[in-house]
Structures are given as C-alpha cells and as structure tokens.
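Enquirer: Oh and the sequence shown: position 23 is 23 in the UniProt record's numbering, straight run, nothing missing.
In short, the hints are calculated from the structure, not lab data.
Beta carbons are placed, not taken as given, at the ideal position from N, Cα and C, and that holds for glycine.
It cannot be assumed that every hint is accurate.
Unchecked claim - Below, in silico cross-link-like pairs of lysine to aspartate or glutamate (EDC-like), each with a Cα-Cα straight-line distance of 16 Å or less:
no.: 1; residue 1: Lys3; residue 2: Asp27
no.: 2; residue 1: Lys3; residue 2: Glu30
no.: 3; residue 1: Lys3; residue 2: Glu15
As the list claims (entries may be wrong) - Label pairs and their calculated CB-CB ranges:
no.: 4; residue 1: Ser7; residue 2: Phe36; range: 45 to 53 Å
no.: 5; residue 1: Ala61; residue 2: Leu19; range: 17 to 25 Å
no.: 6; residue 1: Ala2; residue 2: Pro62; range: 52 to 60 Å
no.: 7; residue 1: Lys23; residue 2: Gln60; range: 52 to 60 Å
no.: 8; residue 1: Gln60; residue 2: Leu12; range: 44 to 52 Å
no.: 9; residue 1: Arg40; residue 2: Leu12; range: 40 to 48 Å
no.: 10; residue 1: Phe36; residue 2: Ile14; range: 47 to 55 Å
no.: 11; residue 1: Thr5; residue 2: Asp35; range: 15 to 23 Å
no.: 12; residue 1: Asp35; residue 2: Ile14; range: 16 to 24 Å
no.: 13; residue 1: Gln64; residue 2: Thr39; range: 40 to 48 Å
no.: 14; residue 1: Arg40; residue 2: Ala2; range: 53 to 61 Å
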Amino acid sequence: MAKVTVSLDADLAIEVMLLAGTKSPQDAVELVVRDFLATRRRTEARTGDAADESRLAAPQAPVQEG
C-alpha cells in the first residue's frame, strides 16, 4: 500500500493520540481515519446515499387541474 505524509499541528496529534489510546501519532491518525470510513459505510448502509434520494423522497400529491 502506498504511504502518504501529512503534517499536523502538534496539539492536534497529541489529542488524537490520547483519544485513540496509542503512543504513535501515525497509528492514532490511521485508527481515526479507518474508524471514520467504517462509520460512513455503516451509515450509508442504514440510510442510503445520494443515489437513493429519489426513493427516499416523500411522494408528491398529483396536481389537480381545472
């Protein structure tokens, strides 16, 4: 897998490490990103995504003319 280098503010990196319970900022950020992606997939599985918008829209009453 390809590696990417990202610069973060030291305070942000420390906060993420504390929340994730890791000793490495790299591991902490990786855990947070993986959790974010997993949560998004679970949410889409339960609620649908943009492609499902027409299915989820409330039906409109027919327009009465005359």
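Enquirer: Against each hint, give a clear statement of whether it holds in the structure.
Expert: Right, here's what the structure says about each hint:
1. Between Lys3 and Asp27 the alpha-carbon distance is near 13 Å, which keeps this suggested pair within the 16 Å criterion.
2. A hinted pair counts as satisfied when its Cα atoms are at most 16 Å apart, and Lys3 with Glu30 qualifies at roughly 11 Å.
3. Among the hinted pairs, Lys3 with Glu15 is inconsistent with the structure: their alpha-carbon atoms are about 23 Å apart, more than 16 Å.
4. Between Ser7 and Phe36 the beta carbons are some 19 Å apart, a value that contradicts the proposed interval 45 to 53 Å.
5. Remark: the range hint 17 to 25 Å for Ala61 to Leu19 is contradicted by a beta-carbon distance near 49 Å.
6. About 54 Å separates the C-beta atoms of Ala2 and Pro62, a value consistent with the hinted range of 52 to 60 Å.
7. A hinted range of 52 to 60 Å for the beta carbons of Lys23 and Gln60 is consistent with their spacing of about 56 Å.
8. A C-beta distance of roughly 46 Å is found between Gln60 and Leu12, which places it inside the suggested range of 44 to 52 Å.
9. Separated by about 21 Å at the C-beta atoms, Arg40 and Leu12 break the suggested range of 40 to 48 Å.
10. Judged by the Cβ atoms, the range 47 to 55 Å given for Phe36 and Ile14 is violated: they are separated by roughly 19 Å.
11. In this structure the supplied range 15 to 23 Å holds for Thr5 paired with Asp35, their Cβ-Cβ distance being about 21 Å.
12. The hint said 16 to 24 Å for the Cβ distance between Asp35 and Ile14, and at roughly 18 Å that hint holds.
13. In this structure the supplied range 40 to 48 Å holds for Gln64 paired with Thr39, their Cβ-Cβ distance being about 45 Å.
14. Taking 53 to 61 Å as the suggested C-beta distance range, the pair Arg40 and Ala2 does not conform, at roughly 21 Å.
Hint compliance for this structure: hints 3, 4, 5, 9, 10 and 14 are not met, and every other hint is.
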